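Asks: Based on the sequences and whatever the hints tell you, model everything.
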Amino acid sequence: MKASTFQTLIVGSLCLAVSGLSGGLYNQYQRVTELENTNAQRLQTLNALQRDSSTLLNAQEKLQYALKDLKQMVDSGEQQVNTLDPMLDQWAQEIQELRDGLAARATEADMIALRARLEHVEQQLLDLKSQPPLPPPTPSSAKPKKTAQPKPAPLLPPFSVLSVEYRGGERFLAVAPPDSRSLKDIQLLHNGEQLGTWQLKVLEQSAAVFAVTAQPDQTVHLP
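First residue of the sequence shown: 0, per numbering that gives the first Met the number 0; consecutive thereafter.
Hints should not be assumed to be uniformly reliable.
[Stated by the list, open to error] Label-pair ranges, simulated between beta-carbon atoms: (1) 81 - 59: 47 to 55 Å; (2) 43 - 67: 30 to 38 Å; (3) 214 - 94: 42 to 50 Å; (4) 94 - 192: 29 to 37 Å; (5) 61 - 21: 58 to 66 Å; (6) 154 - 203: 17 to 25 Å; (7) 168 - 78: 27 to 35 Å; (8) 74 - 94: 28 to 36 Å.
Just so you know, these hints were derived from the structure itself, not from any lab.
All values reported here derive from a predicted model rather than from experimental measurement.
Ideal Cβ placement from N, Cα and C applies to all residues, glycine included.
Replies: In structure tokens:
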């Protein structure tokens with residue numbers, strides 16, 4: 000075989016080998032490029048998942064804080080309910096006691112008014128019994144003796160004396176119409192105040208002195 004032919008064969012073989020290697024390298028380059036693209040896409044997906052995970056974690060933390068605040072509000076509401084329930088029960092009991100007290104006071108006021116009227120009538124009877132008897136008739140020639148004028152019978156006040164009340168350290172006389180059965184009809188009289196034609200002059204320890212129009216002063220005993 001000639002040397003030139005052998006060289007030609009070797010060069011051809013080398014060319015074929017280089018061509019094969021080039022094709023293989025190109026294929027490997029394409030595969031590497033595809034893998035790099037795939038890795039880039041996967042990295043983008045991973046970054047997106049990480050961002051979504053961070054967002055979810057932030058949302059979870061916010062929800063936990065909101066849940067904690069809600070729990071505190073519920074606990075505070077339960078505390079307020081536990082505090083208000085006894086207060087409401089106490090207020091209801093106090094209101095009931097006030098109602099019972101008003102009812103008892105109304106009954107007591109009626110009894111005081113009745114007792115005051117009875118005592119006034121008894122005092123009138125005692126005053127009538129204590130009046131001196133009329134002197135026997137004397138002869139016409141004898142000089143008539145002066146006789147003491149009988150005291151006029153005390154007037155019956157147009158109201159019932161109930162009790163003495165204290166307001167601001169001062170004494171007031173509680174009166175009401177004789178036939179009254181209501182607390183709203185009770186009036187408090189201070190010295191100098193007037194009810195009808197009766198004006199309270201002096202409020203003593205056991206009696207009240209009234210000035211009556213066109214009449215002498217009237218003394219009403221306190222119950």
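Asks: Measuring from beta carbon to beta carbon, are residue 154 and residue 203 in 17 to 25 Å?
Replies: Holds, at about 18 Å.
Asks: Between the beta carbons of residue 168 and residue 78, is the distance compatible with 27 to 35 Å?
Replies: 44 Å, violated
Asks: Is the hinted range of 47 to 55 Å satisfied by the C-beta distance from residue 81 to residue 59?
Replies: With Cβ atoms ~32 Å apart, the hint is violated.
Asks: Does 30 to 38 Å hold as the CB distance between residue 43 and residue 67, or does it fail?
Replies: This hint holds: roughly 36 Å between Cβ atoms.
Asks: Between the beta carbons of residue 94 and residue 192, is the distance compatible with 29 to 37 Å?
Replies: Holds - the Cβ-Cβ distance for residue 94 and residue 192, about 33 Å, lies within 29 to 37 Å.
Asks: For the pair residue 74 and residue 94, does the Cβ-Cβ distance stay inside 28 to 36 Å?
Replies: Given about 31 Å between the Cβ atoms, the range holds.
Asks: Is 42 to 50 Å right for how far apart the beta carbons of residue 214 and residue 94 are?
Replies: Holds, since residue 214 and residue 94 (Cβ atoms, about 47 Å apart) stay within the stated range.
Asks: Verify the CB-CB distance for residue 61 and residue 21 against the hinted window 58 to 66 Å.
Replies: 59 Å, holds
Going down the numbered hints, you'll see the structure goes against 1 and 7, while the others check out.
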